[in-house]
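Chain by chain, the residues:
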Amino acid sequence: DGGITQSPKYLFRKEGQNVTLSCEQNLNHDAMYWYRQDPGQGLRLIYYSQIVNDFQKGDIAEGYSVSREKKESFPLTVTSAQKNPTAFYLCASSRGTRVINEQFFGPGTRLTVL
Amino acid sequence: DAKTTQPPSMDCAEGRAANLPCNHSTISGNEYVYWYRQIHSQGPQYIIHGLKNNETNEMASLIITEDRKSSTLILPHATLRDTAVYYCIVRVEPGTYKYIFGTGTRLKVLA
Numbered sequence: 001d002g003g004i005t006q007s008p009k010y011l012f013r014k015e016g017q018n019v020t021l022s023c024e025q026n027l028n029h030d031a032m033y034w035y036r037q038d039p040g041q042g043l044r045l046i047y048y049s050q051i052v053n054d055f056q057k058g059d060i061a062e063g064y065s066v067s068r069e070k071k072e073s074f075p076l077t078v079t080s081a082q083k084n085p086t087a088f089y090l091c092a093s094s095r096g097t098r099v100i101n102e103q104f105f106g107p108g109t110r111l112t113v114l
Numbered sequence: 001d002a003k004t005t006q007p008p009s010m011d012c013a014e015g016r017a018a019n020l021p022c023n024h025s026t027i028s029g030n031e032y033v034y035w036y037r038q039i040h041s042q043g044p045q046y047i048i049h050g051l052k053n054n055e056t057n058e059m060a061s062l063i064i065t066e067d068r069k070s071s072t073l074i075l076p077h078a079t080l081r082d083t084a085v086y087y088c089i090v091r092v093e094p095g096t097y098k099y100i101f102g103t104g105t106r107l108k109v110l111a
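If you read the protein sequences in the order shown, they are chains A and B.
According to my numbering, the first sequence is numbered sequentially starting from 1.
According to my numbering, the second sequence is numbered sequentially starting from 1.
Derived from the structure by calculation, the hints contain no laboratory data.
Incorrect hints may appear among the rest.
As the list claims (entries may be wrong) - Capping the alpha-carbon separation at 20 Å, the derived lysine to aspartate or glutamate pairs in EDC-like fashion look like this:
#: 1; chain 1: B; residue 1: Lys52; chain 2: A; residue 2: Glu102
#: 2; chain 1: B; residue 1: Lys98; chain 2: B; residue 2: Glu31
#: 3; chain 1: A; residue 1: Lys57; chain 2: B; residue 2: Glu93
#: 4; chain 1: B; residue 1: Lys108; chain 2: B; residue 2: Glu14
#: 5; chain 1: B; residue 1: Lys3; chain 2: A; residue 2: Asp59
#: 6; chain 1: B; residue 1: Lys3; chain 2: B; residue 2: Glu31
#: 7; chain 1: A; residue 1: Lys9; chain 2: A; residue 2: Asp30
#: 8; chain 1: B; residue 1: Lys52; chain 2: B; residue 2: Asp67
#: 9; chain 1: B; residue 1: Lys98; chain 2: A; residue 2: Asp54
#: 10; chain 1: B; residue 1: Lys98; chain 2: A; residue 2: Asp30
#: 11; chain 1: A; residue 1: Lys83; chain 2: A; residue 2: Glu15
#: 12; chain 1: B; residue 1: Lys98; chain 2: A; residue 2: Glu62
#: 13; chain 1: B; residue 1: Lys52; chain 2: B; residue 2: Glu66
#: 14; chain 1: B; residue 1: Lys98; chain 2: A; residue 2: Glu15
#: 15; chain 1: B; residue 1: Lys98; chain 2: A; residue 2: Asp38
#: 16; chain 1: A; residue 1: Lys57; chain 2: A; residue 2: Glu69
#: 17; chain 1: B; residue 1: Lys98; chain 2: A; residue 2: Asp59
#: 18; chain 1: A; residue 1: Lys71; chain 2: A; residue 2: Asp30
#: 19; chain 1: B; residue 1: Lys3; chain 2: A; residue 2: Glu102
#: 20; chain 1: B; residue 1: Lys108; chain 2: B; residue 2: Glu31
Unchecked claim - Now the stretches of chain A that chain B is said to cover, found in silico as 3 or more residues with beta-carbon under 8 Å:
#: 21; stretch: 31-37
#: 22; stretch: 44-53
#: 23; stretch: 101-109
Just so you know, even glycine gets a beta-carbon here, dropped at the ideal spot from N, CA and C.
For reference, chain A alone in the conformation it holds in the complex (with noise of 0.2 Å):
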């Protein structure tokens, strides 16, 4: 069964901690990516990677941080210096076309910072 899959589904914290969430997909996708939204919200983009060992910031990288060292897995580190971490973070991938890019998206880790 391919798909995303993001663990945990939530996830507790005290205020001043690393935090890292998992991202795995098997869907043999090159780019991958990670989104926050906050409630009543959209998307915003943290990060995104085109190719093993490659990432870009996107609008709001401050905080946080990543890596891609295999195809399959893209975690993100919330870390103490993200002002406001409690959110909800979605996982994406896609193909990585520099045409056609739908992303498909894990089911999402709510973040509680106590």
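Dock chain B against chain A, hints included.
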């Protein structure tokens, strides 16, 4: 940078067609328009994409104006399960993988 504009909300009676408009007047000539929907607390689901011709699949139809400055997503027979937020998106910069989702249109299908 290319961006889209959508009405914040719409209602539609069950069984009727839902027509969701999107303005993308700054779209580049060879960039596609994509539509997604997000049911509460889930990841967005891809619906359809188009360049300049009208497109149809099992979920919806997409009508793009000749000047490509706007498009309309059509759900021909809306059901209660179509209640969701619908996003129309385009690539922010040609050649990149940056897309802006905006706040979308919240469609409520009424029984």
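How the hints compare with the structure:
no.	hint	result
1	Lys52/B - Glu102/A	holds (17 Å)
2	Lys98/B - Glu31/B	holds (12 Å)
3	Lys57/A - Glu93/B	holds (14 Å)
4	Lys108/B - Glu14/B	holds (9 Å)
5	Lys3/B - Asp59/A	holds (14 Å)
6	Lys3/B - Glu31/B	holds (12 Å)
7	Lys9/A - Asp30/A	violated (24 Å)
8	Lys52/B - Asp67/B	holds (8 Å)
9	Lys98/B - Asp54/A	holds (14 Å)
10	Lys98/B - Asp30/A	holds (14 Å)
11	Lys83/A - Glu15/A	holds (10 Å)
12	Lys98/B - Glu62/A	holds (16 Å)
13	Lys52/B - Glu66/B	holds (7 Å)
14	Lys98/B - Glu15/A	violated (30 Å)
15	Lys98/B - Asp38/A	holds (19 Å)
16	Lys57/A - Glu69/A	holds (17 Å)
17	Lys98/B - Asp59/A	holds (9 Å)
18	Lys71/A - Asp30/A	holds (7 Å)
19	Lys3/B - Glu102/A	holds (17 Å)
20	Lys108/B - Glu31/B	violated (29 Å)
21	31-37	holds (count 3)
22	44-53	holds (count 4)
23	101-109	holds (count 8)
Of the numbered hints stated above, those contradicted by the structure are hints 7, 14 and 20, listed in ascending order.
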